[in-house]
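*Asks:* In order, the protein sequences belong to chains A and B.
Residues 1202 to 1325 (the working numbering) make up the first sequence, in order.
Residues 1202 to 1325 (the working numbering) make up the second sequence, in order.
It is worth saying that the hints were derived from the structure and are not from the lab.
Keep in mind the model is a prediction, meaning the values are calculated, not measured.
Where chains are identical, the list cannot tell them apart; a pair therefore holds if satisfied intra-copy or between any two copies.
Quick list of in silico lysine-lysine cross-link-like pairs, DSBU-like style, CA-CA up to 35 Å:
hint, residue 1, residue 2
1, K1206, K1296
2, K1298, K1206
3, K1251, K1312
4, K1251, K1296
5, K1298, K1250
6, K1251, K1226
7, K1315, K1226
Below are the chains, spelled out letter by letter.
Number of protein chains: 2
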Amino acid sequence: METPKETMEVGRKLVDFCKHGDNIKAVEALYASDVVSVEAMEMPGMEGKKGIEAAIKKNQMWLDENEVNSASVEGPFPLGDRFAVHYKFDTTNRKSKERMKMEEVAIYSVKNGKIVKEEFFYTM
Amino acid sequence: METPKETMEVGRKLVDFCKHGDNIKAVEALYASDVVSVEAMEMPGMEGKKGIEAAIKKNQMWLDENEVNSASVEGPFPLGDRFAVHYKFDTTNRKSKERMKMEEVAIYSVKNGKIVKEEFFYTM
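One chain only, chain A, in its complex shape (with noise of 0.2 Å):
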């Protein structure tokens, strides 16, 4: 299955501001309006939610919830119109102050050089 230039750039853009801590960046400026997420446990108060706001607003949460004292960023993998990113974070819940290791692959759908939907894979 061929590749598309443009799956490409635009996961190469995404994992670009997520090394740096840009997720909210990311969702601005690489994701439809209309966009699907797909989660393997909702995050309360979130379920079913679709769209880019949600999408902010997820990532947003997660921010105020967790420090992250360091990530990883691999990828993006192609296949087709979709590209896989695989995540590691180090982080603080800022009110636990539990120390904790998260990782979680991410498959992102793209079409009209926007990404559709994403669709993250991990245990807690």
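Since chain A is already given, all that's left is putting chain B on it; use the hints.
*Replies:* Just chain B, lined up with the frame of chain A:
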């Protein structure tokens, strides 16, 4: 999206096989007979091939061509009836003696306890 128990069970078994270099045993034990394989780039001679025999042949061709010096297998990361695995290989091409680093993310779909689809995300 909830992950059925069987998704993680199949995922753990696959990762365990692959960590031991037993990729062909993984296919034999865990793949459905009519498994569908989607590659970022088709291997010459394997275009559009389907089913477990083609999956075994593809793995065998790759192993015949490449000596694996070391491998890292991270996962499984589940989402519903699918799971992700991130592979990194340090290989030496048996013919050209060229040493290479390759990596890819795979998404596997599980149905009735068997892998019915594998999708490989990578660049060359």
